[in-house]
Amino acid sequence: MIYLNNAATSWPKPEGVYQKADTSLRQLVGSVNRGINRGSLDAAMAVLETRELLASFFNIREPENVVFTCNATAALNLALQGLLEAGDHVIISSMEHNAVVRPLYALKKMGVDFTIIPCAADGTLDPRAVEKAVEPRTRLICLTHASNVTGTIMPIFEVGEIARRHHLQYLVDTAQTAGEIPIDVEAAGITLLAFTGHKGLLGPPGTGGLYIRYPDTVNPLIYGGTGSNSELPGQPEIMPDKYESGTINAPAIAALGAGVKFIQETGLEEIRRHTLMLTGMLLEGLRQMPEVTVYGPAAERRVAVVSINIRGIGAGEAGAWLAEHYEIVTRSGLHCAPLAHRTIGTLATGTLRLSPGYFNTPAEIEATLAAIRELIEVVRDA
Amino acid sequence: MPDLVVLLTFPSTYYALKAEKIVQGAGLQGRLIPMPREVSSLCGLALELEPGISGRALDLLLAAGVKPDKEVKVLKDRGRLLVIEVITGNKTGK
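Going down the list, the sequences are from chains F and A. Numbering of the first sequence is given in my numbering, commencing with residue 9 and proceeding in unit increments. Numbering of the second sequence is given in my numbering, commencing with residue -14 and proceeding in unit increments.
Simulated from the structure, these hints should not be mistaken for laboratory data. Since the model is a prediction, treat every value here as computed from it, not as a measurement. Check before you lean on any hint, since a few could be wrong.
Said to hold, decoys possible - Where chain A lies over chain F, by a calculated footprint (3+ residues, C-beta under 8 Å): (1) 206 to 213; (2) 291 to 302.
Stated by the list, open to error - When the alpha-carbon atoms are kept at most 30 Å apart in a straight line, the in silico DSS-like pairs for lysine-lysine are as follows: (3) F:269 x A:55; (4) A:58 x A:6; (5) A:6 x A:55; (6) A:6 x F:269; (7) F:116 x F:140; (8) A:6 x A:52.
Idealized CB from N, CA, C, for every residue including glycine.
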């Protein structure tokens, strides 16, 4: 099998992640904040260590302000629904995922308004257009760090400057970049950072989180038992308990920590060098095929996400053919991002997305290109 | 023979664990124990320290931004705890 669907979830995981998940599930006997036996404390310590690792990874000064959620979608919902009130205005790009767009449509019914800044056909955003959209009632700029359709890397530093200048909250969705591109919340002026654990951070599904710089401004979405301040009827304000009601997925979070450690030991630069090389190979090979339309910018201006269409065959059929004949795993369709597809002109057709990861090899990219060439021949002869 | 120990309580398990990590990381003896209800630990845990190192441990914790809720002197006798003195000085941020 050639796995080219890392934008959906990374595979394989580093060996240390598998081992940590296994030993944690077997040995962390107890529940975080709900018992004082050594196993419960070890589980809590594993969660604390992952929290601190992530804080260091994103240059977050307050590790307790990193709260765990079950994925990036839950983190984005917490940020948007927890922060916004009737009368607030939000600015987003036209490359955002439904994890942002759908909560905003729901909030619109409650009086929250938003402006979508159109991006270029390759997904590029002009920061000046963002600044022009700032209104007196603007509360938040929400921006994906990179598109999950074209891989286009967004100008998060320039937009962060705009947010800082206008004293706005700034939410960045790092679902496609954390673990591939360096992220520094201080340098970028990020006040809310959503991440997923199971993509570039190489952890298990069911992990993710949100960094909240100003917890006083964000209401929790889930209320309940935190294992702290139990005598109080109200939700505790103490971090991170305020946002972590219910039993936390300690074994998976411990395994996520192993993923982050792997990245730190390997080096983010080395990971980026490798994925950039694979993406460059893929783009170069595809651009030599006149039957293939490639979307998005040059390799160095995108993460390892490549969307294409092949003349004469639908994206879904092409993906199925590659899976059936060569066990090449891709993803076709709209990728939960219809706004992005409208931007690049593929709303009606969708695209076939190939997303390499750190564990892919140049030989696998060559094999994939050969398979696509064969598919083009098959379509031509049909 | 009863032992005199100092207990530090914290607003949440997060801070209690962080405190244990900081103290042990500095090579000091300190461990988390369950707290009796009368001391009213908000997270059910307390960091147990020998009186001789409690000042140094407090300095380390405050420097790392970890503020205990309470500092309590306790006598430990055959597994039972007897509160002698609850200290809520400026040192602990109270």
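Now for the hints, and whether the structure bears them out:
Given as covered by chain A, the stretch 206 to 213 of chain F fails the check, having 0 residues with a CB less than 8 Å from a CB of that chain where 3 are the minimum. For the stretch 291 to 302 of chain F, the stated coverage by chain A is violated: 0 residues have a C-beta nearer than 8 Å to a C-beta of that chain, whereas at least 3 were required. Between residue 269 of chain F and residue 55 of chain A the CA atoms are separated by roughly 35 Å; this puts the pair beyond 30 Å, and the hint is violated. With a C-alpha separation of about 21 Å, the suggested pair residue 58 of chain A and residue 6 of chain A falls inside the 30 Å cut-off, and the hint holds.
Straight-line distance between C-alpha atoms of residue 6 of chain A and residue 55 of chain A comes to about 18 Å, which keeps the hinted pair within the 30 Å bound. At most 30 Å may separate the alpha-carbon atoms for a hinted pair to count; residue 6 of chain A and residue 269 of chain F meet this at roughly 19 Å. For the proposed pair residue 116 of chain F and residue 140 of chain F, the alpha carbon gap of about 21 Å is at most 30 Å, so the pair holds. At roughly 14 Å between alpha-carbon atoms, residue 6 of chain A and residue 52 of chain A fall within 30 Å of each other, so this suggested pair holds.
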